[in-house]
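Protein sequences appear in the order of chains C and P. Residue 122 in the working numbering is what sits at position 122 of the first sequence, and the numbering runs on without skipping anything. The number in the working numbering is simply the position in the second sequence, starting from 1, with 1000 added.
The set of hints was computed from the structure by calculation and includes no laboratory data. Certain hints may be false.
[To be verified] Derived pair list, reagent style SDA-like, types lysine to any residue, alpha-carbon separation capped at 25 angstroms:
1. Lys-36(C) with Lys-1377(P)
2. Lys-38(C) with Ala-1045(P)
3. Lys-1042(P) with Ile-19(C)
[What the hints assert, rightly or not] Some chain C residues judged to face chain P by a derived CB distance under 10 angstroms, without partners named:
4. Asn-2
5. Ala-4
6. Glu-6
7. Phe-7
8. Thr-9
9. Lys-36
10. Lys-38
11. Leu-43
12. Trp-58
13. Gly-66
14. Gln-135
15. Val-138
16. Gln-145
17. Ser-194
18. Thr-202
19. Gly-207
Just so it is clear, CB atoms sit at the ideal spot from N, CA and C, and this is done for glycine as well.
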Amino acid sequence: MNAAYEFVTGPLAWAAWGIFLLGSAWRLFSMYQLAKQKDAVSLSYMSLFYSMRSIVNWLIPFNALGWRKNPAMTVATFVFHICLLVAPIFLVAHVMLWDQSFGVSYVTIPDNVADIMTLVVIAACLFFAGRRIMQPEVRYITTPQDWVALVIVLAPFLTGFLAYHQLLDYDLMIILHVVAGEIMLAAIPFTRLSHMVFVAFTRAYMGSEFGGVRHARDW
Amino acid sequence: MGIADRLIEDVGLRGGVSKLTPEQIQKTVNAVISGETGAKLKAYAETCMRCGLCAQACHFSQSHPDDPSYTPAAKVQATMGVLLKTGGKVSPEFIYGMAQLAYTECNLCRRCVHYCPIGIDTGYIMSTVRRICHKLGVTPQYIQDTAHSHSATFNQMWVKDDEWTDTLMWQEDEAREEFPGLRIPLDKEGADIYYSVIAPEPKFRTQLIYQAAAIMHAAGVDWTMPSEPGWDNSDMCMFTGDFEMMGRLKRKHFESAQKLKVKRIVMGECGHAFRSVYDMGNRWVAWKMYPVPVIHSIEFFWELMKQGKIKLAKKYPGPVTVHDPCNVVRGRGHHEKLRELVRFLVDGPIIETASNREHNICCTAGGGVINCGPPFKNVRLDGSKAKAEELRATGVKTIVAPCHNCHGGLEDTVHRYKLDMHIKFLGDIIYECMEKPS
């Protein structure tokens, strides 16, 4: 077990972070090259002001028409993304790992808060899954890739929760948790999760077109 | 469920599809995707999270609540999604359905933009699907006929060069009975305003030219209309996917104005032409900004109002509701000017539809859908149920709609859903209510 733990928190972690960071950078770079080559008539209308205007307006809950008309989805989407980022980044145990490995330490959140956030992420995943199954218009457009993305995100939180509470075999669970987290990181550049990398730019482009050319709101 | 279950016979689509082979399809699909699309399409295809929020945005899906295949994301998945997934390895019969969907079940109105957190431009994707259909020669016959007319005559309605000037002189002649000093100045160099229209005006809505001339005359505007091709600002080629022709049309239009050394172009009350001139056509000919300033009638009339050049003898009896045409409101932000103008012209309040301003619901005629003609009329009217319900809820008798396409569509909607409403152009109301100089 120890050897396995050493492996997943050692070489495998390096690999996962490497794939995530280099993969994301490569995806962004190659997408930008492609945009320069093929989408010049779009790129030339990009505006920082209107990009930010659009991004900010979409980051305000219940501000955009789509958010207003879907309160449950809005709440689920916002709390999901906030908890998804905050819980793992500021978890005491994770910060300790940074400290042990690199001597880097920073602010943390209390464990019980992280625990609730983890449950929120799990609940939101179930909500998203429920929509995919129950809501006809969502079911109709759901593809296997969407399920893959959902499971990839759910797994580290579910295993993390089980490990923290030592509900099943802890040694096994912690390894599964680390592996699940690494799969998520490595999957970001190459699955639907790539919206994490691209969404700021698709949003910015739409904001630029609507602000600069169409003089209308895009939210 | 899906387009394959609701195919409609159309001579243009059927004839086009009958000449296709799978090899040809694959070659053309990939030529367009690799040659004309790039990061935009790729990012859209990859980042759509299939959340389904866009279902509520689209009047087609709102009007068919039990059929999720009308959801914008589903329409993309059934067309471009399949092309990307298969690398263009699809059958001619698939192309038939894809074309029918892209040309008749999406108005390119971009309302889904307000629902998509990612910022996916479904209108762009559907335009690209149409582009592929055009290159495959699979286009609905009626709209293709207008595109042919554009190619042959530089106007949409097969109006002959002599008929054009004849119509203008005829309207001038008629109008001089009411306004003895009125002229429709042809080819006047250096005029302040170059007034351009869409070809349906000389073809069958000549009273609009009459009214425009009357308003110009009453307001004392220094204006002109061109006698030669370039006068038609409309652009069905933009909607069929014939972008080469779209570029030629816009170049012709601007060059016609440049030749006359006019200060500005004012466009009649048309939505799609404005989209073509200020957003799409100019880009195709690589003008980031248009070479001659262009304004829409809404803005022009608003300016005349602000300058005190429209004097009213009476106000139009309200209340009214305002229909916001996608291409000049979501496409150009003219909603407040439009309302200021309507408040100036109308005695009584504006009763808003539930979805208004940028969030308006499309008339279901735009994007070339009405131009696909009688075979698809019922598709269009089934899709306008959501719009009809919003209109009915206002309880008013008058809809102000500053767009030709919206007029045509709303007239059919009013008739189909027995709304007992009538539809007015701004020009109709101004002409009716203004002080008429002798």
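Exercise. Was the hint right that Trp-58(C) lines chain P, CB cutoff 10 angstroms?
Worked result: 6 angstroms, holds
Exercise. Is the interface hint for Gly-66(C) satisfied, with its Cβ closer than 10 angstroms to some Cβ of chain P?
Worked result: 3 angstroms, holds
For this session: Against chain P, run the beta carbon of Thr-202(C) and see if the smallest gap drops under 10 angstroms.
Result: 4 angstroms, holds
For this session: Using 10 angstroms as the Cβ threshold, decide whether Ser-194(C) counts as touching chain P.
Result: 6 angstroms, holds
Exercise. Keeping to a limit of 25 angstroms between CA atoms, is the pair of Lys-1042(P) and Ile-19(C) held or broken?
Worked result: Holds: Lys-1042(P) and Ile-19(C) sit about 21 angstroms apart, inside 25 angstroms.
Problem set entry | Distance restraint between Lys-36(C) and Lys-1377(P), which requires alpha-carbon spacing of 25 angstroms or less | 41 angstroms, violated
Problem set entry | chain P contact restraint on Asn-2(C) - CB to CB distance below 10 angstroms | Violated, about 40 angstroms.
For this session: Go through the hint on Leu-43(C) and say holds or violated, using the shortest Cβ distance to chain P against 10 angstroms.
Result: 9 angstroms, holds
Problem set entry | Proposed proximity, Ala-1045(P) with Lys-38(C) (alpha carbon, max 25 angstroms) | 16 angstroms, holds
Exercise. With a cut-off of 10 angstroms, does the beta carbon of Ala-4(C) approach a beta carbon of chain P closely enough for the hint to hold?
Worked result: Since chain P brings no Cβ nearer than about 34 angstroms to Ala-4(C), farther than 10 angstroms, the hint is violated.
Exercise. Close enough to count: is the Cβ of Val-138(C) nearer than 10 angstroms to one in chain P?
Worked result: Holds, about 4 angstroms.
For this session: Hold the hint about Lys-36(C) up to the distance rule: shortest CB distance to chain P must be less than 10 angstroms.
Result: Nearest chain P Cβ about 8 angstroms off; hint holds.
The structure shown violates the earlier hints numbered 1, 4, 5, 6, 7, 8.
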